[in-house]
Amino acid sequence: MATATAQPVILERLPRSRSLRLPPWEKLTPLLLIAPSVILIAVFVYGFIGATMRTSLVRWNSALPDYTFVGLHNYQRLFQLDRFQADLANTLHFTAIFLAGCIILGLGAAVLLDQRLRGTLFFQNVYMYPLALSFVVTGTVWRWILNPNSGVNVILGNLHLDFLKSGWLTDTHTALNSLGIAAVWQMSGFCMAMFLAGLRGIPEELREAARVDGANEWQLFWRITFPLLRPITLSAVIILGHISLKIFDLVYVMTFGGPGYATDMPSLYMWIATFQQFLYSRGAAIAIVLLLMVAILIVPYLVWNLRGETEQ
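Using the working numbering, read the sequence shown as starting at 12 and increasing by one per residue.
Bear in mind the hints are in silico, worked out from the structure with no lab data behind them.
Watch out, some of these pointers could steer you wrong.
[What the hints assert, rightly or not] DEER-style ranges, computed between Cβ atoms:
1) A62 to L42: 25 to 35 Å
2) L317 to I60: 15 to 25 Å
3) R211 to D77: 51 to 61 Å
4) G271 to A62: 32 to 42 Å
5) I45 to K176: 57 to 67 Å
6) Y140 to P214: 29 to 39 Å
Each residue gets a CB set at the ideal place from its N, CA and C atoms; glycine is no exception.
Start from the sequences and build out the full structure, keeping to the hints where you can.
What follows is the structure in structure tokens.
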């Protein structure tokens, strides 16, 4: 009877192949590839931010440079101005209208389009069309629509609804809201696209299981669908929020800050102070304030997002 004897398997550590060792020039290749981008960003982004910050700390209030250091005097003077205080209040008001309008209309349109009814693709394209326009084009069109002597007022007059007529862009009580309507018209399609992508990513089995458990459509939306859309909602708030904080072109075209300071914004005042009044230090101070406002909005989101990726 033959017996098989197992031969012992001896594992030997093979010497590390020299071919796996990267030569020094290959180690430098990735650094050389990203070096131009890093240099350009360092110079044209952070370098200009540093130059702007320096300008905000000196007395440069004429066409001729004056680098006399004054510390935070420009910021102190800026926050004492009635115009800048009005600008900050207008920004908060506009941001509230802009965010609420875009998110509510975008979410509502996304829910309707997610029903996959006939003509969904057509209405989706129609809703996305304003995104192809710039704020300058949007502002020009809506300035015509809201002209007191034409547009909406003419339609209301023909319908015998004269009590609804208004000086949309000339009345201090309605000008800022009218500005918000134009901005919402353009950017609500962006929210619709984000929410629609999120809705299409929710498993249908999850919804069916909730229906089997007795949940109606209202409960299904608020207890399952909407909580799953919270990351998208947060992203929309961050993106739209920083757009509203630095809005310029729409205001410039539609109202130029008027009537009075009713629609004035920090970005518009920064442009006027810098390029019309030659108050370069004040314009730089406004720019730094805007930078801090945007950073306060974006940095916590970036930290939260990075922490989530690290945990995963």
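Do the hints match the structure? See the list:
no. : hint                     : verdict
1   : A62 to L42: 25 to 35 Å   : holds (27 Å)
2   : L317 to I60: 15 to 25 Å  : holds (22 Å)
3   : R211 to D77: 51 to 61 Å  : holds (58 Å)
4   : G271 to A62: 32 to 42 Å  : holds (33 Å)
5   : I45 to K176: 57 to 67 Å  : holds (59 Å)
6   : Y140 to P214: 29 to 39 Å : holds (31 Å)
Every hint from the earlier list agrees with this structure, and none is contradicted.
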